[in-house]
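Asks: Here is what each chain is made of, one letter per residue.
There are 2 protein chains.
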Amino acid sequence: MRTIFWEDDAVRLVDQTKLPDRFEILTCRTVEELGEAIRTLAVRGAPALEAAGGYGVALATFEREFENGEELKMHVKERAEYLASTRPTAVNLFVGIERVVKRALEGRNVDEIRKFALNEAQKIADEDVERNMKMGQIGADLFENGDSILTICNTGSLATVYWGTALGVIRSAVRNGVELKVFACETRPLNQGSRLTAWELMRDGIDVTLIADSMAGIVMQRGMVNKVIVGADRIVRDAVFNKIGTYTLSVLAKEHGIPFYVAAPKTTFDWNSKASDVVVEERNREELVYCHTKCRKTLIAPENVRVYNPAFDSTPLENVTAIITEHGIIYPPYSKNVPEILNLS
Amino acid sequence: MRTIFWEDDAVRLVDQTKLPDRFEILTCRTVEELGEAIRTLAVRGAPALEAAGGYGVALATFEREFENGEELKMHVKERAEYLASTRPTAVNLFVGIERVVKRALEGRNVDEIRKFALNEAQKIADEDVERNMKMGQIGADLFENGDSILTICNTGSLATVYWGTALGVIRSAVRNGVELKVFACETRPLNQGSRLTAWELMRDGIDVTLIADSMAGIVMQRGMVNKVIVGADRIVRDAVFNKIGTYTLSVLAKEHGIPFYVAAPKTTFDWNSKASDVVVEERNREELVYCHTKCRKTLIAPENVRVYNPAFDSTPLENVTAIITEHGIIYPPYSKNVPEILNLS
Chain S
0 MRTIFWEDDA
10 VRLVDQTKLP
20 DRFEILTCRT
30 VEELGEAIRT
40 LAVRGAPALE
50 AAGGYGVALA
60 TFEREFENGE
70 ELKMHVKERA
80 EYLASTRPTA
90 VNLFVGIERV
100 VKRALEGRNV
110 DEIRKFALNE
120 AQKIADEDVE
130 RNMKMGQIGA
140 DLFENGDSIL
150 TICNTGSLAT
160 VYWGTALGVI
170 RSAVRNGVEL
180 KVFACETRPL
190 NQGSRLTAWE
200 LMRDGIDVTL
210 IADSMAGIVM
220 QRGMVNKVIV
230 GADRIVRDAV
240 FNKIGTYTLS
250 VLAKEHGIPF
260 YVAAPKTTFD
270 WNSKASDVVV
280 EERNREELVY
290 CHTKCRKTLI
300 APENVRVYNP
310 AFDSTPLENV
320 TAIITEHGII
330 YPPYSKNVPE
340 ILNLS
Chain C
0 MRTIFWEDDA
10 VRLVDQTKLP
20 DRFEILTCRT
30 VEELGEAIRT
40 LAVRGAPALE
50 AAGGYGVALA
60 TFEREFENGE
70 ELKMHVKERA
80 EYLASTRPTA
90 VNLFVGIERV
100 VKRALEGRNV
110 DEIRKFALNE
120 AQKIADEDVE
130 RNMKMGQIGA
140 DLFENGDSIL
150 TICNTGSLAT
160 VYWGTALGVI
170 RSAVRNGVEL
180 KVFACETRPL
190 NQGSRLTAWE
200 LMRDGIDVTL
210 IADSMAGIVM
220 QRGMVNKVIV
230 GADRIVRDAV
240 FNKIGTYTLS
250 VLAKEHGIPF
260 YVAAPKTTFD
270 WNSKASDVVV
280 EERNREELVY
290 CHTKCRKTLI
300 APENVRVYNP
310 AFDSTPLENV
320 TAIITEHGII
330 YPPYSKNVPE
340 ILNLS
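Chains as they are written, first to last, in numbering that gives the first Met the number 0: chain S, 0 to 344; chain C, 0 to 344.
To be clear, the hints were calculated from the coordinates, so they are not data collected in a lab.
Computed cross-link-like contacts, EDC-like style, restricted to lysine to aspartate or glutamate with a CA-CA straight-line distance of at most 20 angstroms:
(1) C:LYS17 - S:GLU302
(2) C:LYS296 - S:GLU302
(3) C:LYS253 - S:GLU317
(4) C:LYS253 - S:GLU254
(5) C:LYS296 - S:ASP20
(6) S:LYS296 - C:ASP20
(7) C:LYS296 - S:GLU286
(8) S:LYS17 - C:GLU302
(9) S:LYS296 - C:GLU285
(10) S:LYS114 - S:GLU66
(11) S:LYS296 - C:GLU302
(12) S:LYS253 - C:GLU317
(13) S:LYS17 - S:ASP203
(14) S:LYS253 - C:GLU254
(15) C:LYS296 - S:GLU285
(16) C:LYS114 - C:GLU70
Each pair of labels, with its calculated beta carbon distance range:
(17) C:ASP203 - S:GLU31: 48 to 56 angstroms
(18) C:LEU298 - S:PRO258: 31 to 39 angstroms
(19) S:ARG221 - C:THR26: 39 to 47 angstroms
(20) C:LYS265 - S:TRP270: 55 to 63 angstroms
(21) C:LYS17 - S:HIS326: 53 to 61 angstroms
(22) C:GLY222 - S:ASN144: 42 to 50 angstroms
(23) C:THR26 - S:ASP237: 53 to 61 angstroms
(24) C:THR26 - S:GLU286: 35 to 43 angstroms
(25) C:GLU302 - S:LYS265: 36 to 44 angstroms
(26) S:GLU286 - C:GLU111: 56 to 64 angstroms
(27) C:ARG174 - S:GLU32: 55 to 63 angstroms
(28) S:ASP206 - C:LYS296: 21 to 29 angstroms
(29) S:ASN303 - C:ASN271: 45 to 53 angstroms
Every residue, glycine too, gets a C-beta built ideally from N, C-alpha and C.
Using the sequences and the hints, build the whole thing.
Replies: Next up, the structure:
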């Protein structure tokens, strides 16, 4: 099932704030409702947000009746602005919104605007699924029976529209009949690994064991994992930016001679930048001072302690064995092979 | 102030289950009350438990009136057995109990038994403080102005009677006028780093920054820390057993050319064993499925997920720059220098 989809003139999505307690589908019949879902992180993950932005614009065209095309176009523009304000730093959300607005404004009447908008939104979602399935199929060849794979954060269906990036590769391998095990790092401080990845894999019947992030060393030292696969938020000329903790996994993998794979679509590459150009987002100190879920907040540190809470870290490309993309598996030297395989200018 | 001490015929201790919410001294006037404090982890940490065991036996001699020495000795033996049952795997607890029972039984009447027991218990506590102060003073020389030190778990006053082991060294350096900063790993899954270490250091006015365990890589990569110091649960011929996550820190330190120090008293050395002889305790799966404090329990993973939860890991001695003991700083080759400096046969 898709994480976000269109049904009966409404956007439906898996409410990630309820997981792992409950699995619930949230129905958004107005842009306001969808905006609230985005704001509260009921839907999250860059590709899922791109689809949410696109579907949100489509939803705007259906949420009431309109006299004519001009009135609808005014409404679309106004609602698009509101939608973009719900997560002001989510670049992919804006990409989805802009793409569907552009297409919608080409419509000559209400029916055409609605049709164009919805088709474009569906296309965004479908493209993500197609890309992930392709990436999964290509990457699956790297795995074989008996593999035990370490991963971090959530890179599965919940972060995308469907299938996932790094988890998508694992899913494809399992679908191809490969017998494998997964170790999921809980991924502090927001526990996307324990709350989402463990849940997704259990739901799919894939063998998963949860560990604390600090246990990555012991599972490698004891030969309990033999491969690592992670996703990426941004890949620059010399480094992979991904969830905090990824760099540590890459150093441990190097120490133990374990392959370290990154799975990411072409859209993740920012080949004109270097690691030193990127400013790593520091997140709210409360994430480390409290343990949060939707309805509870548990104090786990002195309330006024100083905190350093970077959201991402950068893994030098020297530590990466190969990058799995929908255009093929890219091996070093990356300076030559990335532009070649991805056809970057 | 000491973590555990004797006052007005009662054992008083810092109630660690209340931290960091509240700082409370728990008063135990009966062995039953102290046993409950041990069982619920109001007092924890190997050296603190050794003192608790000793004080518990002393407490037994004061908790009511006795007709004669024989009656009191019967009572001491019976209460000692109960005390030992409150944490059946805590070796140091038994050591403290046995030492005071042995001395108490040498008394010829009620007064003498009481005096012998209390003196011996005080001696255990004092010896721990003395050892820690000595270790701190010796280790302090390794630090200099501007150092930024990474540590894990709680190795401070709360884990000992006073001052601490690895944190004791940091305290001694600060007392000597060294200006330094500390980065404390939160130490999943029980968060001794965020709950206890951050609290202790803030209370002492030592500059501390809390990070998630997964951030150890980025703080080294960015030059934000230049030294690591950890405690030890057991040091064998080829490895240091300590809180899960220590091994990962040692690999990261090696990768970044950062000194990695272990601070531990002579009693921690088990020089007749090898790493392969040691069975690492696996703890309750609930520790990773829920986030716990005294009164709250927050679900952070699927309730029925499989969990791997080792309490300790082993760091090969090759990764250790030096071991700080109360008998001196021990450098490699350890096979030669450990027996020599510690005077082990």
